[in-house]
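Those letters in the sequence shown? Residues 0 to 429, by numbering that gives the first Met the number 0.
Among the clues, some could well be false.
[To be verified] Quick list of in silico lysine to aspartate or glutamate cross-link-like pairs, EDC-like style, CA-CA up to 20 angstroms:
| hint | residue 1 | residue 2 |
| --- | --- | --- |
| 1 | Lys58 | Asp343 |
| 2 | Lys82 | Asp114 |
| 3 | Lys418 | Glu219 |
| 4 | Lys90 | Glu118 |
| 5 | Lys301 | Glu215 |
| 6 | Lys171 | Asp188 |
| 7 | Lys290 | Asp262 |
| 8 | Lys251 | Asp268 |
| 9 | Lys162 | Glu364 |
| 10 | Lys338 | Glu364 |
| 11 | Lys162 | Asp262 |
| 12 | Lys162 | Glu266 |
| 13 | Lys292 | Glu364 |
| 14 | Lys85 | Asp112 |
| 15 | Lys415 | Glu219 |
| 16 | Lys251 | Glu390 |
| 17 | Lys415 | Asp231 |
| 18 | Lys339 | Asp59 |
| 19 | Lys301 | Asp231 |
| 20 | Lys339 | Asp130 |
| 21 | Lys290 | Asp268 |
| 22 | Lys415 | Asp425 |
| 23 | Lys339 | Glu63 |
[What the hints assert, rightly or not] Between beta-carbon pairs, the in silico distance windows are:
| hint | residue 1 | residue 2 | range |
| --- | --- | --- | --- |
| 24 | Gly337 | Met405 | 46 to 52 angstroms |
| 25 | Asn143 | Gln284 | 44 to 50 angstroms |
| 26 | Thr57 | Asp268 | 44 to 50 angstroms |
| 27 | Lys338 | Thr388 | 34 to 40 angstroms |
| 28 | Arg186 | Arg346 | 33 to 39 angstroms |
| 29 | Arg145 | Glu266 | 46 to 52 angstroms |
| 30 | Ala167 | Gly337 | 42 to 48 angstroms |
| 31 | Gly128 | Ser220 | 27 to 33 angstroms |
Hints are computed from structural coordinates only; laboratory data are not their basis.
For clarity, every value in this text was computed on a predicted model and none was experimentally measured.
Glycine residues also receive a C-beta, built at the ideal position from the N, C-alpha and C atoms.
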Amino acid sequence: MTLVISRRALLSLGPLVAASGLLTTACNVLPGGDAGRTTVTVWLMQGSASDAFIDRFTKDFEAEHGDLRLDVRIQEWTGIGEKVTKALATKDGGSGVPDVIEVGNTQVPGYADGDGLLELSLESARDLGMDDWLPGLAEPGADNGRQFGIPWYAANRVVIYNKSLFDAAGIKKPPKTRDEWLDMTRRLDSGGTQGIYLAGQDWYTLSGFIWDEGGELAHESAGTWTGALHTDAALRGMAFYGQLQALGGGPKDADEEHPSQADRFAEGDVAQIISVPGSAQRILQKNPSLKDKLGFFPIPGKTAARAGAVFTGGSDLVIPAHTAHRSAAVAVVEALAGKKWNTDLARTMNYVPNKTTLAAAVAGEPGVAAMAVGAAHGKATPASPLWATVEAADNPIKSYMSRVLMGADPKTEAQKASKEITKRLDDRAE
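Using the sequences plus the hints, can you model the full thing?
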């Protein structure tokens with residue numbers, strides 16, 4: 000997602016200083032009394048952490064590690080893939096190689112595939128409490144049982160709803176199950192009100208419905224990836240999507256940003272959209288009268304015992320394999336991903352913390368609290384290093400969805416889409 004991601008409001012998660020050489024060696028004489036300190040260079044993405052958070056963390060970390068100095072460099076998302084790939088290819092640990100890098104969670108497989116990342120399996124199990132990590136951040140950070148990406152923060156979709164329209168329809172509380180959700184949405188979809196505005200090509204939302212049914216977008220076996228949209232489970236997910244999408248006026252041949260679903264919601268006659276909570280800011284900019292009328296709830300699951308699965312966007316922290324400062328880099332990652340600073344980041348930026356056990360830290364913010372419930376059952380896109388080819392401008396999942404919603408045979412169209420996904424994930428075709 001991708002995403003989402005707009006990584007900050009991905010969600011729009013969108014998490015410049017140009018990258019330059021490392022300030023290395025313990026004998027460097029640095030200003031401000033830093034003589035003898037080793038400099039650890041950290042790349043964080045624009046928008047991922049506030050200046051105030053970075054300042055707090057830096058001062059605290061340097062106070063606890065008197066022999067280390069942090070050099071935090073903010074990177075733009077545009078072009079970051081090429082920049083990171085180049086840095087990871089530098090084998091001497093010298094100029095141009097950061098010690099810690101923030102990367103999108105779904106980007107980790109591509110970087111790990113080139114043997115450019117330091118394996119952090121031991122640290123994950125011994126020091127970082129990996130058993131409690133959000134699966135949507137942890138799973139793409141692993142490859143063949145080895146952990147390379149350390150979960151940092153997450154964001155995911157929830158249902159944003161218009162409280163006034165729910166009240167007018169006599170709906171007193173949000174739904175807990177899919178069946179309740181469909182029933183309520185049918186009641187809302189009347190009298191000039193759209194029950195839900197769901198664009199026909201919102202494939203991240205579709206992914207959650209497929210996962211809830213036990214399906215996948217693609218399967219991996221012995222290193223070979225194959226599309227899986229034609230399986231019975233995936234087809235059930237698409238069938239539910241079609242039922243929900245019909246209860247509003249969302250376009251069948253466009254995604255959620257064309258036009259912006261937040262802008263459409265702001266017009267006041269849409270009861271629900273599926274989006275990240277950050278979209279509420281845009282809604283209120285467009286229509287301030289909706290202040291105090293916006294509510295949030297997790298995407299419902301098949302039963303009340305568990306919320307629906309969601310695509311999890313967010314970031315992992317990685318360490319280049321050729322860092323000159325391995326132990327120092329690990330210390331930075333352990334601090335950023337640890338309870339103290341991960342909780343601070345989540346509260347500061349309205350993110351979901353990296354562990355299910357830390358969800359209480361954001362309980363006071365309704366939108367983020369709803370995200371945290373879904374994130375506990377979140378997933379990421381298939382961990383193929385070639386998955387980005389599926390998300391290209393001619394994404395076969397999007398075209399598949401549109402054709403089905405316009406009346407084409409679901410099984411036939413799913414088989415076509417699965418075949419195209421398989422083709423794009425075949426590394427022999429590179």
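- prompt: Given the hinted pair Lys339 and Glu63, is their alpha-carbon gap at most 20 angstroms?
  reply: The hint holds at about 14 angstroms.
message: Holds or violated: the 33 to 39 angstroms window for the beta-carbon distance between Arg186 and Arg346?
response: Check passed, 36 angstroms falls within 33 to 39 angstroms.
Holds or violated: Lys162 to Glu364, with C-alpha atoms at most 20 angstroms apart: holds, 17 angstroms
message: Next pair to validate is Lys251 with Asp268; report whether the Cα-Cα distance is within 20 angstroms.
response: Measuring from Cα to Cα gives roughly 19 angstroms; hence the hint holds.
field: Straight-line alpha-carbon gap Lys90 to Glu118, limit 20 angstroms
entry: holds, 16 angstroms
Satisfaction of hint between Asp231 and Lys301, Cα-Cα up to 20 angstroms: holds, 16 angstroms
- prompt: Given the proposed pairing of Lys85 with Asp112, does the C-alpha separation stay at or below 20 angstroms?
  reply: The hint holds at about 14 angstroms.
- prompt: Keeping to a limit of 20 angstroms between CA atoms, is the pair of Lys292 and Glu364 held or broken?
  reply: holds, 15 angstroms
- prompt: Quick one, are Lys290 and Asp268 close enough, alpha carbons at most 20 angstroms?
  reply: holds, 15 angstroms
Straight-line alpha-carbon gap Lys162 to Glu266, limit 20 angstroms: Status holds; Cα separation ~14 angstroms.
query: Should the hint that Gly128 and Ser220 are 27 to 33 angstroms apart at their CB atoms be regarded as holding?
result: holds, 31 angstroms
Pairwise hint evaluation, Asp262 against Lys162, where the allowed Cα distance is 20 angstroms at most: Satisfied, since the Cα-Cα distance of roughly 17 angstroms is no more than 20 angstroms.
In this structure, every one of the numbered hints holds.
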